[in-house]
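Listed in order, the protein sequences are those of chains A and G.
Heads up: the first sequence is residues 19 to 99, going by the working numbering.
Heads up: the second sequence is residues 23 to 438, going by the working numbering.
Derived by calculation from the structure, the hints in this document are not laboratory data.
Heads up, a few of these hints could be off.
Label-pair ranges, simulated between beta-carbon atoms [what the hints assert, rightly or not]:
hint	chain 1	residue 1	chain 2	residue 2	range
1	A	85	G	156	39 to 47 Å
2	G	229	A	54	52 to 60 Å
3	G	227	A	77	25 to 33 Å
4	G	41	A	39	20 to 28 Å
Here are the simulated DSSO-like pairs of lysine-lysine, each with C-alpha atoms no more than 30 Å apart in a straight line [claimed, not checked]:
hint	chain 1	residue 1	chain 2	residue 2
5	G	202	A	68
6	A	52	A	68
7	A	52	A	81
8	A	33	A	52
9	A	81	A	33
10	A	33	G	202
These numbers were taken from a predicted model, which means no experiment stands behind them.
Using N, Cα and C, we set each Cβ at its ideal position, and we do this for glycine too.
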Amino acid sequence: MKQDYLTLLREFLHKRENIDPARVTPEASLEELKVDSLLLLELLFEFEDKLGVTIPQGVTPPKTVGDLLAIVDGLKVGKDA
Amino acid sequence: MASARRVAVTGLGLVNPFGGDLADFFGRMLRGESAIRLFTREDKTTRPLAVPAVRCASFDAEAALGRSLPFTMDRYSQLGATAALSAWSDAGLPRTKDAPRNDWGVSWGTALGGTLTFESGYMDLLRNGRDRVPPLSVVLGMSNAAASHISIQLGLGASSTTYTVACASSAIAIGEVLSKLRSGEATLMVVGGSEAPLSYGIVRAWEAMRVLAGGDETSAARACRPFNSDRQGLVLGEGAGAMVLEDWDHAVRRGARIYAEFAGYGNTSDHDHLVRPSVEGQIRAMRMAILDGGLTPDEIDYINAHGTATREGDPIEIAAIRGVFGSRSEAVAVSATKSMHGHMLGATGVIEAIITVMSLASQEAPPTAHLDAVDRDCTGVRHITGGPLRGSLRAALSNSFAFGGSNSVLAFRAAH
């Protein structure tokens with residue numbers, strides 16, 4: 019499932035910022051990918067929209083792509099369960 | 023003159039409905055070409071819309087600003103940032119994003135700000151049954167977004183201000199920096215305005231005021247006829263314009279081309295009525311601009327009129343011009359270029375200021391298009407009709423009069 023989220027993230031960043039999908043790995047730093055606070059808001063919105071989940075307001079800001087995927091994965095698993 | 027420090031116009035840029043550059047746009051103005059077309063809009067849940075309007079249909083935000091930036095901008099900011107970058111380049115200035123200047127700034131005007139963003143959000147919430155809007159809605163829609171983007175892109179640290187004064191927004195944005203530049207508080211300012219008003223709700227609101235000109239595919243181009251006996255109202259338009267204003271000596275030192283001198287500014291309030299303009303308020307604004315510029319009425323050879331083509335507004339402006347110029351008013355050339363580029367609300371002041379500056383620089387002023395039967399209530403000035411006026415133009419005014427009774431007049435002097 020995480021792989022699907024990674025694909026979604028790669029597609030978004032490529033369309034939005036022309037970021038090479040190969041750079042978007044779980045270890046990659048969001049800061050190095052130039053994902054600032056506004057872009058992160060858009061990303062969370064995109065995940066919520068596409069996956070039908072709600073990411074809580076107080077969630078700890080992710081530092082890496084892997085952190086972000088883990089947040090989404092946790093929510094999705096919870097919903098599916 | 024309030025100060026010995028003079029202000030030069032050294033850069034001009036715009037996004038206009040013809041899709042070409044400044045020279046192309048001004049050439050079309052001189053030839054009396056109208057950009058007004060029938061604007062139609064239709065979807066499943068709103069009633070079809072069909073009104074004469076002006077759109078920058080060929081504007082390509084990604085081509086102008088790159089892939090990422092347009093996502094963070096409402097259309098009014100996209101138009102504005104593009105115009106500002108164009109004026110910057112025209113002024114021969116390097117991009118200073120990485121070497122910001124704290125004595126350079128931006129002053130912007132918009133009447134409606136990000137109205138397209140807000141309408142889209144309301145549609146989602148109220149029509150489409152969604153319970154949330156995109157996360158950038160606030161920063162796309164805010165009225166100072168265009169100025170913010172311009173400040174960020176060009177590294178302008180002196181100030182970033184936005185004026186929202188209906189149809190005088192960008193004229194006031196220009197005028198209000200004059201004292202800053204004269205005093206030395208700022209050395210260089212990017213000024214102008216942008217508007218993208220063609221949302222469903224905004225067009226319907228203007229229709230409800232009964233001031234929009236009607237027309238169909240065939241007649242739309244001639245829909246706006248300022249000062250003409252059969253005029254029927256204004257035409258909404260989208261667009262953006264920007265000017266680089268700088269301390270005269272600074273401009274000379276860096277070898278900049280100087281289009282004209284920004285000489286004076288007048289700003290008054292009618293304090294009378296929300297929409298009915300006042301002859302007296304407009305007279306005071308024109309006199310203030312002339313006096314502030316160290317000019318006399320005898321030196322004003324051209325006026326780019328506010329001239330929206332409403333039944334009520336046009337005769338009042340002509341009466342005000344006659345009040346200022348007295349027996350000389352028949353020698354003062356007047357044209358209303360909204361007949362061609364429409365009424366761009368908050369952006370219209372700067373578009374007309376650019377036309378005024380270009381008129382002084384080229385010594386050619388554009389006509390009022392479609393003016394073939396001057397209304398008897400609009401006589402007494404030298405209307406430019408049929409083609410451009412060529413001759414000695416020493417100084418000129420650009421008038422902007424807003425709903426709410428705010429009057430702004432900009433005075434420019436030929437550079438040579």
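Structure-based check of all given hints:
no. : hint                          : in the structure
1   : 85(A) with 156(G): 39 to 47 Å : violated, 23 Å
2   : 229(G) with 54(A): 52 to 60 Å : violated, 41 Å
3   : 227(G) with 77(A): 25 to 33 Å : violated, 40 Å
4   : 41(G) with 39(A): 20 to 28 Å  : violated, 35 Å
5   : 202(G) with 68(A)             : violated, 50 Å
6   : 52(A) with 68(A)              : holds, 22 Å
7   : 52(A) with 81(A)              : holds, 11 Å
8   : 33(A) with 52(A)              : holds, 14 Å
9   : 81(A) with 33(A)              : holds, 21 Å
10  : 33(A) with 202(G)             : violated, 42 Å
Checked against the numbered hints above, the structure violates hints 1, 2, 3, 4, 5 and 10; every other hint is satisfied.
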